[in-house]
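Student: Given next are the chains, with one letter for each unit.
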Amino acid sequence: MHKQALIPYLLLLGDSALIQGQRLCEWCGKAPALEEELALMNVGLDLVGQARNWLEYATELLDDGRDADALAFRRDERAFRNLLLVEQPNGDFAVTMLKQFLYDAWHHAVLEGLAASADERIAGIAAKGLKEVSYHLRRSGEWVQRLGDGTEESRRRMLDAIPVLWRFTVELTAANDHEVQLAQAGIAADPAHVARRWQATVSALFASVELPLPKAASHFYLDGRQGLHTEHLGLLLAEMQFLPRAYPDATW
Amino acid sequence: MYAQLVETGVKRLKTLEEMSPEERAFQEKIDAEIKIEAKNWMPDAYRQTLIRQISQHAHSEIVGMLPEGNWVTRAPSLKRKLQLMAKIQDEAGHGLYLYSAMETLGADRDEEIAKLHSGKAKYSSIFNYPTLTWADMGAVGWLVDGAAIVNQVVLQRTSYGPYSRAMIRICKEESFHQRQGYELLLTMMRHGTQAQKDMVQDAINRLWWPSLMMFGPSDEHSPNSAQSMAWKIKRQTNDELRQRFIDQTVPQLELLGCTAPDPALKWNEERGHYDFGEIQWDEFYEVIKGNGPCNQERLAKRRNAIEGGAWVREAAVAYARKQQNKNAA
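One line per chain: the protein sequences are R and Y, in this order. Numbers given in my numbering equal positions in the first sequence, counted from 1, plus 23. Numbers given in my numbering equal positions in the second sequence, counted from 1, plus 296.
In case anyone wonders, no lab produced these hints; they're calculated from the structure. Everything numeric in this text was worked out from a predicted model, so none of it was measured. Here a beta-carbon is modelled for each residue, glycine too, at the ideal position from N, C-alpha and C. It is possible that part of the hints are untrue.
[Said to hold, decoys possible] Calculated lysine-lysine pairs in the DSBU-like style (CA-CA distance at most 30 Å, straight line):
#, chain 1, residue 1, chain 2, residue 2
1, Y, 416, R, 53
2, R, 53, Y, 468
3, Y, 468, Y, 597
4, Y, 375, Y, 493
5, R, 53, Y, 411
6, Y, 375, R, 151
7, R, 53, Y, 618
8, Y, 618, R, 238
9, R, 154, Y, 468
10, R, 53, Y, 562
11, Y, 493, Y, 416
12, Y, 468, R, 151
13, R, 53, Y, 585
14, R, 154, Y, 375
15, R, 53, Y, 375
[To be verified] Simulated restraints, written as ranges between beta carbons of each label pair:
#, chain 1, residue 1, chain 2, residue 2, range
16, Y, 329, R, 271, 55 to 63 Å
17, R, 199, Y, 404, 52 to 60 Å
18, Y, 325, R, 153, 51 to 59 Å
19, R, 144, Y, 329, 49 to 57 Å
20, Y, 494, R, 146, 40 to 48 Å
21, R, 233, Y, 333, 42 to 50 Å
[To be verified] Far from chain Y, by Cβ distances over 10 Å, these chain R residues were calculated:
#, residue
22, 84
23, 111
24, 164
25, 172
26, 173
27, 220
28, 251
29, 266
Isolated chain Y (complex conformation) (with noise of 0.2 Å):
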């Protein structure tokens, strides 16, 4: 899970000339591959962009536990009830990490949330998608986390320390539960009924494009990128990762005995990269916008469970303070 479409706020890259001192010194740092670290000095755009970055990752693994969360108490069998609930668990032990990376920039969770609820910030993209049938668990986990990991794997390399030590703790997981998704739908098409084996190609037609979408705008409409890469926050193109990730992910569709719902996919030799059709770009923007199929109960789920639980957190806070109150005196 992570973030598309970063803004920082950068209209226009400046050279190590037009900078100050300060902010001289740190691209150099930034250069010579030294991470930033939380007492360090950092441009101001730098320190926005990287808790714009890193909420909106924590709010996808966030949002990310609903379309699961929809099949959890419905899973088909016990092993299958367990991992489902061991990568839910695991999806929110992910948001804190998150959280806490982007509060050693000085921003506060709570107010982080509270721009995810008003839809003033982001989260990915996928998770507007609605999960149909229980494949679809298979394929979240082996498409959706297969992307978030090509992502993540080079986040660990980020510029920021926090975030890279997060990415790395995350990374191992995550690599762990797509296993698991991967063998969920390998399970259903070498050992299922033709239903089962139906329902697998049914969620890759509907989850193929929109894991794709994962990797944000196509780096001719990435204005952000070149920021991001010059402060070594992202490594590495949109439409690099995307590649790479359909490089990879191809030969398994494969030995799932499955095809992917594009007819322009084809391996090219003088490449040495699958070729593959065009994004549906407008359908991508529209569901960053809001408008996606389940933009607004993703957003409604959050809400409730939030301002529903005020008076538990109310409670709690209440509680510890009497019992430091009685210790006191």
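Chain R with its partners taken away, still in its complex shape (with noise of 0.2 Å):
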């Protein structure tokens, strides 16, 4: 029954979404123009949007009475299943863009295969999430070019920035058991094309302003799919989930 085994991969696609829609949140009021403070709510507000409709979906399938804010907002670091790229703390621009364009690289890639997923409900989801992904892909990609060939204290921290977030793009190519048989069924987006195509765009944006990409990021013991986490998670959930654990009868 490939109903269960959609729940781990509904929550690894919302939890993402809304964690690095966490992060960006932290920016309001600290970005480095006017232009960017609309621009990085624009992308949260997209994120925090797509993860809802996961969760929606999640909570359906799970059918034990909680909804899609419970998961977000009553849920443990160790229930997460988000990737461990999008939980990393922001650092400065270069850390906080790098990590949007490598996490966008591999959103689009997920969301192009589900658009054509064999699951309607995810591939209406997905359809309407890609053209939100594909901005933010553009904009991503296009900070990293501006601060990787900028001046010589942009290119600087973004060459810092890249060994801060490389070990964790290990689980952008990687996929474990029940997401290849959710893929067979043509309802996951296929792993290993997912890799292929995010290899190609990162590969590909590295190459146009000469920044050097690492060698492929090797497994660890950490792994967000099965809720190992980085000590980060933790705090951010303090923040983010505080009003709810704090008055568990209230309506918001």
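From these two lone chains plus the hints, build me the complex, please.
Tutor: Structure (structure tokens):
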């Protein structure tokens, strides 16, 4: 029964979008230009909206009385399935933009695959999200180029950002058995295809501004798909979930 | 969000006879309700007053993102988070419209922003109050945006065309967010727990008076109003607008089942308006001078964002230049 296998996959998609959106919220009032305040919030808004769609579908399959808010605001970090990459701290604008780009390149390839999913619900959510993510990817890619080939300082910062984030990219080209099976059933995006697309997008953009492409990251103990996160996620959730946790009977 | 206490630099209104032919032609145009456009002749004091007012208005949009940004990471549901993010995004957009309108007058946005950061330029006093609970997000949407809308609706008819057109666009978006803010409070009051209801009343208690201060000093203490009114930059006095805001807000307050922290607030049948208590003007002037609860934090955050982001903007310029050179080659 692929419905049960589908739940962790929907959580991977929903939680990743939600956590990335949450990180973008942290930029409010701190962006390097007004246009960027607007753009960062715009991208964050898209992602939280997509997260809500995925989480709502997950709650229907879970069918345990929880709604999307319960999934977002009442799960502990061990139950979150987001990519490790998106929970990383914002750092400076170079870290934020490189993180966004590495995620967008994956996200775009995944949604492209999902737009053709045999599961109509998934295909619908993905088709809508794909339009948004095409914009995200163009924007973040342009920033990686601007910073990578801007001034000496911006290039140094972009070079510094690469090793901070690169080891977490292993999750963007890997998949677990469930995902492979879901892909074979025509429901999930084909992980091998996603990996190829991601590598092609990233290497082409890095080459365009002569950023050194590190060798493929290798697997290590942590694994977002299994809820084995970095220490950053717990703090992020403490802030994000504070109100629903403190007022469990409240209606917002 | 809007501008309070804008200097016109004019001590006394000139009569038509005292005006130069250019000034007289300008004033006649104003009197005939013809909009002034960027390329038209205008008195220097009109230009400078508008630059001050529009930039103050733009700065208010930008500083106004901070009290809400304070809660965007802690919004209690996905729906509320999305609403708040959309609102903050719109505010950044409003700031951009307004800086553009201001630039039609020959001012430079970076220079005006530098004046904000050095404390020379002002922004709305309301954003110097802290947002302490989630209910503040509703109260800011309802009261603060409500007060801003009362001001801005009138500014849609302001005499300077680009400012007037910016106001028309901004009012549409602002009204939507104001209703959302009110709905947020209504949800907490109608479906919430006692703790939530207390939170709403507490937010109103803290933000009520500061919202009334958004209309600026009382008419008897507004030396700049006469000239702004004669130029039709302002269309109604501070006290008129404040009264309108109170008259329209008290029924909404009652619908919420909340009270105002003003024992003198009472319907006056004879006037056909609500009477209300005296505003703490000392507090207003202290906040405007920079001594409010969050003035330092707000300015420090804006300064850090712009100064800390200089390398990003420099990179963008350097990259654009390189691309241009490549294309030229």
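Student: To test your reading of the hints: which numbers does this structure violate?
Tutor: 10, 11, 25, 26 and 29
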